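Chains as they are written, first to last, in full-length UniProt numbering: chain A, 1 to 589; chain B, 1 to 589.
If you are wondering where the hints come from, they were derived from the structure by calculation, not from laboratory data. Hints should not be assumed to be uniformly reliable.
[Stated by the list, open to error] So the derived label-pair ranges between C-beta atoms look like this:
id, chain 1, residue 1, chain 2, residue 2, range
1, A, D226, B, A498, 52 to 62 Å
2, A, R82, B, D249, 46 to 56 Å
3, B, A498, A, K87, 39 to 49 Å
4, B, E512, A, N342, 32 to 42 Å
5, B, R356, A, T145, 33 to 43 Å
6, B, R263, A, G548, 17 to 27 Å
7, B, E306, A, K6, 25 to 35 Å
8, A, N561, B, Q402, 27 to 37 Å
9, B, D249, A, E21, 18 to 28 Å
10, B, E447, A, N563, 51 to 61 Å
11, A, D469, B, L38, 19 to 29 Å
12, A, T145, B, G419, 18 to 28 Å
13, A, A229, B, P92, 32 to 42 Å
Keep in mind it's a predicted model, so treat the numbers as computed, not measured. The C-beta atom is built at its ideal place from N, Cα and C for all residues, glycine as well.
Protein chains: 2
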Amino acid sequence: MSKLLKRTHMCGVLTKENIGETVTLNGWVAKQRSLGSLIFADLRDKTGITQIVFDDTIPEETFQLAESLRSEYVIGVSGTVRERSSKNPDLPTGDIEVLATDLVLYSAAETPPIYIKDDDNVDMNLRLKYRYLDLRKLKMQRNLTFRHNVCKLARDYFDQQGFTEVETPMLVRSTPEGARDYLVPSRVNKGHFYALPQSPQLFKQLLMVGGTDRYFQIVKCFRDEDLRADRQPEFTQMDLEMSFVDQDDVIAIQEGFLQKLFREMMGVEISLPLPRIRYDEAMERYGSDKPDTRFGFELKCLNDTEAVKATEFKVFRDALDQGGDVRGICIDGGSPEFSRKNIDKLTEETKAYGARGVVWIRVEEDGFKSSVNKFFTQEEFAEIVSVFDAKPKDLILIVADQPKVVFDSLGFLRRRIAGILGLLDNTKFNLLWVVDFPMFEKNEEGEITAMHHPFTHPKEEDIPLLDTDPLAVKADAYDIVLNGVEMGGGSVRIHDRALQQKMFDILGISKEESQRKFGFLLEAFKYGTPPHAGLAYGLDRMIMLLTGEESIREVMAFPKNQNAQCLVSDAPNTVDDAQLEELGITVIE
Amino acid sequence: MSKLLKRTHMCGVLTKENIGETVTLNGWVAKQRSLGSLIFADLRDKTGITQIVFDDTIPEETFQLAESLRSEYVIGVSGTVRERSSKNPDLPTGDIEVLATDLVLYSAAETPPIYIKDDDNVDMNLRLKYRYLDLRKLKMQRNLTFRHNVCKLARDYFDQQGFTEVETPMLVRSTPEGARDYLVPSRVNKGHFYALPQSPQLFKQLLMVGGTDRYFQIVKCFRDEDLRADRQPEFTQMDLEMSFVDQDDVIAIQEGFLQKLFREMMGVEISLPLPRIRYDEAMERYGSDKPDTRFGFELKCLNDTEAVKATEFKVFRDALDQGGDVRGICIDGGSPEFSRKNIDKLTEETKAYGARGVVWIRVEEDGFKSSVNKFFTQEEFAEIVSVFDAKPKDLILIVADQPKVVFDSLGFLRRRIAGILGLLDNTKFNLLWVVDFPMFEKNEEGEITAMHHPFTHPKEEDIPLLDTDPLAVKADAYDIVLNGVEMGGGSVRIHDRALQQKMFDILGISKEESQRKFGFLLEAFKYGTPPHAGLAYGLDRMIMLLTGEESIREVMAFPKNQNAQCLVSDAPNTVDDAQLEELGITVIE
């Protein structure tokens with residue numbers, strides 16, 4: 001092995017302050033070029049780039065070695081820091097260069113199949129296959145460092161707040177809730193399987209029962225589900241649970257964390273307390289339980305206007321008659337921005353949310369134009385438009401359908417349009433809590449299910465409604481939303497056994513089923529369960545939002561592709577028959 | 001839900017300084033008793049116990065509630081701190097008690113099946129099944145808190161040293177090295193499997209190739225092997241890797257960590273640098289590659305004594321003639337401590353290490369007694385004994401066999417005897433590095449295998465021996481040993497492709513096999529690999545050693561039993577046929 005030149009500095013740090021110093025740098029050759037009798041090499045490590053100069057003051061042998069350097073060769077170089085004649089203002093080290101006195105080649109490199117530069121337009125699959133090259137990009141290393149710093153900040157904060165970081169098991173019981181479990185066949189107990197945990201939920205509650213008081217963990221969770229959107233089979237949660245607290249206590253502690261996070265990692269002052277909006281209001285105003293409040297276009301309901309109440313326009317009439325709604329949004333100054341074609345395109349996109357159409361009204365100086373001119377008089381349009389306080393040049397978009405379709409569609413439309421109009425200001429960080437979620441909802445089969453999970457505590461004042469009107473019961477559940485993305489959420493848990501049993505009864509979970517799925521938790525609850533509550537953040541998503549990235553893949557070291565494959569290591573792979581025999585399983589041909 | 005009394009203090013903190021204050025505590029009733037018109041309750045949380053007193057100054061209703069309290073009921077209590085008349089010097093809070101003014105019952109509790117006290121003698125399986133009760137013991141919570149603090153200290157230290165904490169994947173490629181892999185069937189790629197990682201070795205090297213420079217992670221690792229001794233299917237490593245460093249750099253940084261660890265967590269000053277002992281010397285002197293240096297009884301070789309060289313005593317003769325050794329240890333003052341029966345028992349125990357017998361020599365004032373009186377004269381015994389500088393009352397134990405059997409047997413004997421004689425001083429923390437491990441060893445089939453792994457860098461000066469005498473080649477590998485237990489280890493890695501290929505050739509790993517097992521790492525090494533080296537600590541073992549526990553089970557929240565079962569959640573379990581069908585696998589009946 002060639003000798004090792006021990007580094008004195010990283011490649012991104014030298015400035016004019018260092019002129020005259022003797023330094024040693026190690027790194028990768030980003031670029032090498034000859035200029036007359038000089039050789040220049042850009043030397044890169046995760047912190048940045050320093051220009052190295054080789055001239056005739058070095059031994060011939062060393063100069064020839066410098067001549068042989070190519071991209072991604074790994075070298076060590078010692079030399080003197082001097083001022084550059086032609087400075088590079090785009091580089092933090094751009095005022096200086098290192099005049100080399102010694103050069104060691106640690107490793108040559110074949111021509112890399114991808115460029116090591118931040119904004120290359122390379123196919124994701126290629127980036128994933130050559131992830132160890134992709135990670136050399138300064139942006140990727142900055143993201144990893146940022147993530148490290150966020151985790152450190154979180155750990156420091158929660159440690160000061162009395163949280164204990166505790167590891168929960170990875171080989172757990174399969175309880176298919178939510179997504180599918182990843183299974184792990186047991187060799188010692190053939191025919192039996194572990195699962196990988198979808199979250200540490202049950203174990204963190206056992207830690208509370210066990211007196212741990214305040215628990216924290218940054219932990220991998222696993223969900224075997226379709227990876228559309230931006231999902232990974234394994235993802236990371238920042239997970240917490242507390243004893244002897246209520247919702248306000250949990251929220252207060254999180255707000256302290258978020259304030260510190262934004263102040264130290266983003267240089268942004270968040271003022272506390274954060275806004276809180278009840279679920280019902282979030283749906284009413286924004287059509288979403290994770291509203292983006294960086295812009296307006298709030299939803300308004302038109303059900304009670306004379307124009308709509310009495311209309312014979314079939315779309316509105318049917319919606320109202322079938323227990324649905326007619327709601328709309330008003331885009332300030334939107335009429336000139338959206339042509340008929342644009343609106344048609346938006347309508348097409350909205351169909352993905354269940355809408356069969358979108359009604360538009362253009363507010364003009366001298367009246368109203370609309371896709372439903374035939375069905376409403378100008379006076380009726382005036383009434384509708386006044387609900388929005390609309391003015392000339394505004395554009396109103398209306399959806400009429402079942403409430404869910406209306407909310408989803410308009411919720412989508414307002415965000416989509418805000419995006420088109422450039423209103424998604426990435427220098428704004430609008431945090432808010434959504435609280436008072438419904439306890440229950442009805443699934444497609446019309447059965448009552450728990451909106452969060454069966455251990456969520458109903459709001460104290462709604463407990464009487466459990467017997468009379470369960471769908472009206474709200475939960476002590478809270479989500480933290482940033483710019484329209486759910487960053488985390490949690491709830492107060494039920495610790496009273498009678499109440500828990502009532503929950504199971506309402507959900508139609510038989511004693512047998514509750515025993516099978518949650519038996520051990522119910523057993524634990526017999527022995528003195530403290531009031532407890534908790535929350536979990538999706539860490540990958542949080543880092544993505546804070547770094548302004550588009551995908552969680554940009555903030556993880558080794559993500560998988562959409563087929564759940566690790567392209568860099570070619571996993572999953574076939575295994576030896578012997579391995580399967582030992583486990584007592586076979587693959588169905 | 002009953003109202004929540006918001007805590008002002010934990011249960012283990014109030015002292016005379018707090019007398020007169022109004023406080024609120026939450027916790028579990030450890031004990032409740034009536035004494036005349038008073039009720040006393042010991043209120044416990046993870047920090048300790050405070051005595052609560054209920055007298056007639058509280059409402060009747062509250063008093064009756066206090067009377068109804070039983071073990072492990074969860075309560076909140078407010079009151080005034082006052083001095084105790086009869087103090088409890090064994091309790092940190094023993095000078096005071098809280099005279100209750102308010103009491104809330106959060107949860108009743110059934111009689112717990114295990115006692116919540118530190119030194120109960122309960123069956124491990126019961127403790128594991130009721131782990132959420134077991135964790136209420138102050139010792140268990142102290143262990144979890146200690147572990148938390150060690151991890152925090154480590155993270156703070158390595159962060160300051162420029163390490164980035166990066167998460168490596170859990171769903172990886174199956175490459176059956178070392179132990180068996182736990183497999184995870186893929187649903188999206190039926191017939192294909194992921195494995196759970198035995199360690200992040202390959203990915204941390206990819207991070208180095210990717211320019212991450214210094215990597216750190218506290219991470220779960222998985223090995224599907226027999227759980228004899230003190231092993232868990234999932235265990236935790238503190239894992240590190242560094243670029244542009246040599247062995248001395250890695251060791252220096254670890255020593256800084258260990259010094260800080262012992263100073264801040266144990267109140268013990270470790271003086272640096274730590275002792276380093278070469279593998280060969282460790283074996284020669286201690287019979288172990290993880291020597292416990294808290295006591296003597298060093299091995300001595302008798303091969304070259306006249307008495308042994310020329311002996312006709314079959315056991316010694318055969319050993320020497322077959323390339324084995326005759327070695328022994330001398331127990332200072334051991335002769336009176338060990339009767340014939342004791343020695344016979346020790347001999348039986350030693351047979352587990354391959355020894356067929358143990359020869360003993362008692363050194364007496366007037367001569368020598370021995371189990372091989374017949375075969376050696378007193379003069380010959382004198383020669384043998386002088387090798388040990390033995391004196392009257394000393395006991396010499398000798399094993400003759402193949403070197404491995406001799407080392408293993410005597411290594412065992414010296415530790416065993418030290419334990420019997422009370423020499424395993426748990427206030428001593430003898431740390432040392434074992435370095436210069438052999439690069440290769442021969443397995444039972446006589447094949448050459450890598451002692452650590454095929455990526456370990458041979459010592460620079462031994463590289464020429466690779467071609468001529470591979471078994472003589474030493475590696476840049478290092479283990480950190482504490483009191484005879486290997487706490488961690490690592491090596492400098494090979495980054496030169498030609499050298500790596502030579503390694504594979506020596507190990508008889510064909511190109512096909514190396515591609516199949518390590519293909520992606522070899523591919524990565526083509527593109528500019530920095531010199532790199534790393535290390536991993538067994539975190540569970542480290543915490544166990546530092547807390548003085550006997551088993552890693554005492555320092556993990558939810559360990560499994562020896563059948564790899566999670567008794568608290570009853571895992572692994574059978575799963576629905578539907579789940580298996582989705583994965584395209586079946587269980588062999």
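Outcome of the hint check:
1. A:D226 x B:A498: 52 to 62 Å: violated (45 Å)
2. A:R82 x B:D249: 46 to 56 Å: For D249 (chain B) against R82 (chain A), whose Cβ atoms are near 28 Å apart, the range 46 to 56 Å is violated.
3. B:A498 x A:K87: 39 to 49 Å: Holds, since A498 (chain B) and K87 (chain A) (Cβ atoms, about 41 Å apart) stay within the stated range.
4. B:E512 x A:N342: 32 to 42 Å: violated (59 Å)
5. B:R356 x A:T145: 33 to 43 Å: violated (59 Å)
6. B:R263 x A:G548: 17 to 27 Å: With a Cβ separation near 41 Å, R263 (chain B) and G548 (chain A) fall outside 17 to 27 Å, so the hint is violated.
7. B:E306 x A:K6: 25 to 35 Å: violated (52 Å)
8. A:N561 x B:Q402: 27 to 37 Å: Cβ of N561 (chain A) to Cβ of Q402 (chain B): about 52 Å, so the range 27 to 37 Å is violated.
9. B:D249 x A:E21: 18 to 28 Å: Once the Cβ atoms are compared, 21 Å apart, the range 18 to 28 Å for E21 (chain A) and D249 (chain B) holds.
10. B:E447 x A:N563: 51 to 61 Å: violated (38 Å)
11. A:D469 x B:L38: 19 to 29 Å: violated (47 Å)
12. A:T145 x B:G419: 18 to 28 Å: Roughly 47 Å apart at Cβ, these two residues miss the hinted range, so it is violated.
13. A:A229 x B:P92: 32 to 42 Å: violated (53 Å)
This entry does not satisfy hints 1, 2, 4, 5, 6, 7, 8, 10, 11, 12, 13, going by the numbered hints stated previously.
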